[in-house]
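In this text, residue positions in the sequence shown follow numbering that gives the first Met the number 0: the first is 0, and each later residue adds one.
Since the hints were made in silico from the structure, they are not lab data. Every residue, glycine too, gets a C-beta built ideally from N, C-alpha and C. It is possible that some hints are incorrect.
Below are the SDA-like pairs computed for lysine to any residue, each with C-alpha atoms no more than 20 Å apart in a straight line [claimed, not checked]:
(1) K16 with A101
(2) K1 with A133
(3) K16 with E59
(4) K104 with R29
(5) K110 with Q154
(6) K141 with E123
(7) K110 with V164
(8) K144 with K110
(9) K104 with G156
Restraint ranges, calculated between C-beta atoms of paired labels, are given here [to be verified]:
(10) A149 with P108: 19 to 27 Å
(11) A149 with D48: 47 to 55 Å
(12) R50 with G119: 50 to 58 Å
(13) E132 with Y31: 22 to 30 Å
(14) Y52 with E18: 17 to 25 Å
(15) Q102 with N3: 19 to 27 Å
(16) L44 with S145: 39 to 47 Å
(17) L44 with E9: 41 to 49 Å
(18) A149 with E42: 36 to 44 Å
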Amino acid sequence: MKLNAEIDGEKVALEVKREGGRVSAEVGGRVYELEAREVGAGEYLLTHDGRVYECRVGAEQGAEGRGALRVSVGAREYGVRLTDPKHLRGAGALGAEQGGRAQVKAPMPGKVVRVLVEAGETVEAGQGLVVVEAMKMQNELKSPKSGTVAELRAQAGSTVNAGDVLVVVE
Numbered sequence: 000m001k002l003n004a005e006i007d008g009e010k011v012a013l014e015v016k017r018e019g020g021r022v023s024a025e026v027g028g029r030v031y032e033l034e035a036r037e038v039g040a041g042e043y044l045l046t047h048d049g050r051v052y053e054c055r056v057g058a059e060q061g062a063e064g065r066g067a068l069r070v071s072v073g074a075r076e077y078g079v080r081l082t083d084p085k086h087l088r089g090a091g092a093l094g095a096e097q098g099g100r101a102q103v104k105a106p107m108p109g110k111v112v113r114v115l116v117e118a119g120e121t122v123e124a125g126q127g128l129v130v131v132e133a134m135k136m137q138n139e140l141k142s143p144k145s146g147t148v149a150e151l152r153a154q155a156g157s158t159v160n161a162g163d164v165l166v167v168v169e
């Protein structure tokens, strides 16, 4: 999976490949081969070159928008913001009110863990609609505009592919 990352204000390209407990991560041109094991919600043990690192991942306090994380590795903390370049191509101006119908699509393959709205419900721009878990991280997909939930295609427990339409807001 290819992502754009901003780590403590520095923009870098990020590519992550996962096979079981092995993770290959390319960060800004540097490649890391890791063993990863989840030990709790948002807590991981990473092994790299025989050294073990404790890693914690959580939402950035007070940050607005999706993808804002606080990542701690050992004693160091990093502010990280992740964006999917595929999602940005068709996103237009994020946060701006849009006319017409807006489709909320799964940014990557995963599993729907929670549906936060019902068909016919009135929603505000930025309101959470669906929570999708991908690569052991939960992503809350938010409404791009104020309006009414015209279609709800997501069901808790279902698997989704990248680009699947989960909710339509009009």
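Verification of the hints:
Straight-line distance between C-alpha atoms of K16 and A101 comes to about 31 Å, which puts the hinted pair past the 20 Å bound. About 14 Å separates the Cα atoms of K1 and A133, which keeps this hinted pair within 20 Å; it holds. This hinted pair does not check out: K16 and E59 have alpha carbons roughly 24 Å apart, beyond 20 Å. Taken as a hint, the K104 and R29 pair is broken in the structure, with Cα atoms around 31 Å apart against an allowance of 20 Å.
In summary, the hint linking K110 to Q154 is supported, as the alpha carbons are separated by about 9 Å, within the 20 Å threshold. For the hint linking K141 to E123, the alpha-carbon distance of about 9 Å falls within 20 Å, and the restraint holds. For the hint pairing K110 with V164, the CA-to-CA distance comes to about 13 Å; that is within 20 Å, so the pair holds. Only pairs whose Cα atoms come within 20 Å are accepted, and K144 paired with K110 is rejected, the gap being roughly 24 Å.
With a C-alpha separation of about 16 Å, the suggested pairing of K104 with G156 holds against the 20 Å cut-off. Checked against the hint of 19 to 27 Å, the C-beta distance between A149 and P108 comes to roughly 25 Å, which is consistent with it. In this structure the hint that A149 and D48 lie 47 to 55 Å apart at CB holds, the actual value being about 52 Å. At about 53 Å, the beta-carbon gap between R50 and G119 stays in the expected band of 50 to 58 Å.
Evaluation of the 22 to 30 Å hint for E132 and Y31 yields a pass: the beta carbon distance comes to about 23 Å. In this structure, Y52 and E18 meet the distance hint of 17 to 25 Å, their C-beta atoms being roughly 20 Å apart. Here the CB-CB span from Q102 to N3 is close to 22 Å, well matched to the stated 19 to 27 Å. The beta-carbon spacing between L44 and S145, approximately 43 Å, falls within the hinted interval of 39 to 47 Å.
Taken as a hint, the range 41 to 49 Å is violated for the pair L44 and E9, whose Cβ atoms sit roughly 26 Å apart. Distance hint for A149 and E42: a CB-CB separation of about 39 Å, consistent with the stated range 36 to 44 Å.
The structure does not agree with the numbered hints 1, 3, 4, 8 and 17 stated previously, though it agrees with the rest.
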